[in-house]
Amino acid sequence: MYSPRCDKAAEYRRQAQEVRNLARQISINDARGQLRATAMHLEALAEEEERRAGNVAPAQGPAGED
1 MYSPRCDKAA
11 EYRRQAQEVR
21 NLARQISIND
31 ARGQLRATAM
41 HLEALAEEEE
51 RRAGNVAPAQ
61 GPAGED
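So the sequence shown is numbered by the working numbering: it starts at 1 and just counts up by one.
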């Protein structure tokens, strides 16, 4: 069954991964920390969308962080 919330959750996860990739490329620790915090926030938004849609997925930890 199609669920716009699942699409929204997938988009949040894609954005979170993109932000984590940027964080790996930045050498300034403060900026890296802010990007990681943004990625975590996007993951939380994705989880909330999945809960609302009834698709509870296991939380993904900080995937591939250095």
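The hints are simulated quantities; they were obtained by calculation from the structure and are not laboratory data. Just so you know, even glycine gets a beta-carbon here, dropped at the ideal spot from N, CA and C. Warning: the hint list may mix true and false statements.
To be verified - Restraint ranges, calculated between C-beta atoms of paired labels, are given here:
no., residue 1, residue 2, range
1, ALA37, GLU11, 12 to 22 Å
2, GLY33, GLU11, 34 to 44 Å
3, ASP7, THR38, 12 to 22 Å
4, GLN25, GLY54, 29 to 39 Å
5, ALA44, LEU22, 16 to 26 Å
6, PRO4, SER27, 33 to 43 Å
7, ARG14, ARG51, 16 to 26 Å
8, ALA10, ALA37, 13 to 23 Å
9, ILE28, GLY54, 35 to 45 Å
10, ARG5, ILE28, 13 to 23 Å
11, ARG52, ARG14, 14 to 24 Å
Of all the hints numbered above, which does this structure not satisfy? Sort the numbers upward. Hint check: 2 and 10 fail, others pass.
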